[in-house]
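Quick note, the sequence shown lines up with residues 12 to 297 if you use this note's numbering.
The hints are simulated quantities; they were obtained by calculation from the structure and are not laboratory data.
It should be emphasised that the depicted structure is a prediction, and the values quoted were computed from it without experimental measurement.
Certain hints may be false.
[Unchecked claim] Quick list of in silico lysine to aspartate or glutamate cross-link-like pairs, EDC-like style, CA-CA up to 16 Å: (1) K99 to D26; (2) K162 to D243; (3) K220 to D282; (4) K162 to D21; (5) K235 to E178; (6) K257 to E102; (7) K74 to D60; (8) K235 to E216; (9) K89 to E71; (10) K213 to E262; (11) K220 to D274; (12) K213 to D274; (13) K162 to E68; (14) K220 to E281; (15) K99 to E216; (16) K213 to E166; (17) K89 to E110; (18) K257 to D282; (19) K213 to E277; (20) K227 to E178; (21) K85 to E110; (22) K227 to E216; (23) K235 to D274; (24) K89 to E68; (25) K227 to E166; (26) K99 to D153; (27) K213 to D153.
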Amino acid sequence: MIARTAVAQDDTSGDGTTSTVLFIGELMKQSERCIDEGMHPRILVDGFDIAKRATLEFLEKFKTPVVMGETPDKEILKMVARTTLRTKLYEVLADQLTEIVVNSVLCIRKPDEPIDLFMVEIMHMRHKFDVDTRLVEGLVLDHGSRHPDMKRRVENCYILTCNVSLEYEKSEINAGFFYSNADQREKMVAAERRQVDERVRKIIELKEKVCSGTDKNFVVINQKGIDPPSLDLLARAGIVALQRAKRRNMERLVLACGGEPVDSVENLTEDSLGWAGLVYEHVLGE
Numbered sequence: 012m013i014a015r016t017a018v019a020q021d022d023t024s025g026d027g028t029t030s031t032v033l034f035i036g037e038l039m040k041q042s043e044r045c046i047d048e049g050m051h052p053r054i055l056v057d058g059f060d061i062a063k064r065a066t067l068e069f070l071e072k073f074k075t076p077v078v079m080g081e082t083p084d085k086e087i088l089k090m091v092a093r094t095t096l097r098t099k100l101y102e103v104l105a106d107q108l109t110e111i112v113v114n115s116v117l118c119i120r121k122p123d124e125p126i127d128l129f130m131v132e133i134m135h136m137r138h139k140f141d142v143d144t145r146l147v148e149g150l151v152l153d154h155g156s157r158h159p160d161m162k163r164r165v166e167n168c169y170i171l172t173c174n175v176s177l178e179y180e181k182s183e184i185n186a187g188f189f190y191s192n193a194d195q196r197e198k199m200v201a202a203e204r205r206q207v208d209e210r211v212r213k214i215i216e217l218k219e220k221v222c223s224g225t226d227k228n229f230v231v232i233n234q235k236g237i238d239p240p241s242l243d244l245l246a247r248a249g250i251v252a253l254q255r256a257k258r259r260n261m262e263r264l265v266l267a268c269g270g271e272p273v274d275s276v277e278n279l280t281e282d283s284l285g286w287a288g289l290v291y292e293h294v295l296g297e
């Protein structure tokens, strides 16, 4: 019962589990003394109910309203966050994270909608110190481009989120290909390569269509792989391409940048594209 209470407290408030367990333990300790003196348990339960109602009435009068309109009261939110964080972390780090926590929640907050905390991700980087923690008001992907000629920083970008294989794939079923000489093998390899190159060309054609004659850039974020020849074609076209993006990041990309995720390069249109003001690659450590 105590364990279920602690779980419910954590699910509801995210804090106070230790205090809840200690409080229940003290109530049970005091109740044991009364029972040893001959008091009936029903009387104790009625007393707990009376105390609960009195506590709720007091909290209703004592509570401080928090304004969460277009301009939320950040100072009250900081006080709440600081109180909680100082029970978990040392003072310097808790005070630093207070501002970060409040800003991160306000960043994803939508009026009249519950806050989805899964839109805030904590990423652990194995370099520097905990006090170097900072908030990135955007989406962080924990991998970069795999081509040396691709730009590391681009502004005013169209974002294509896709789940399309841009690499040679092995058959998912047991299949065999037989050839009698090296020329036949080369033809088979060339045919496989043409299929992948055709997909890449369609992406390049869309880029030329929407970016031609402007200062806009084009970024491809793919959930599947992109092989070196495809990366080379994209780099020559001035496209920044990322591969093996996590599924959860693909969902966040659509929410943050707009557009629609695509699983085929057939009939690509500008309506499928999202938009980002800045995309850059930052290397941490070596």
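Going back to the hint list, which numbers does this structure go against? Numbers 4, 6, 7, 8, 9, 10, 11, 13, 15, 16, 18, 20, 24, 26, 27, in rising order.
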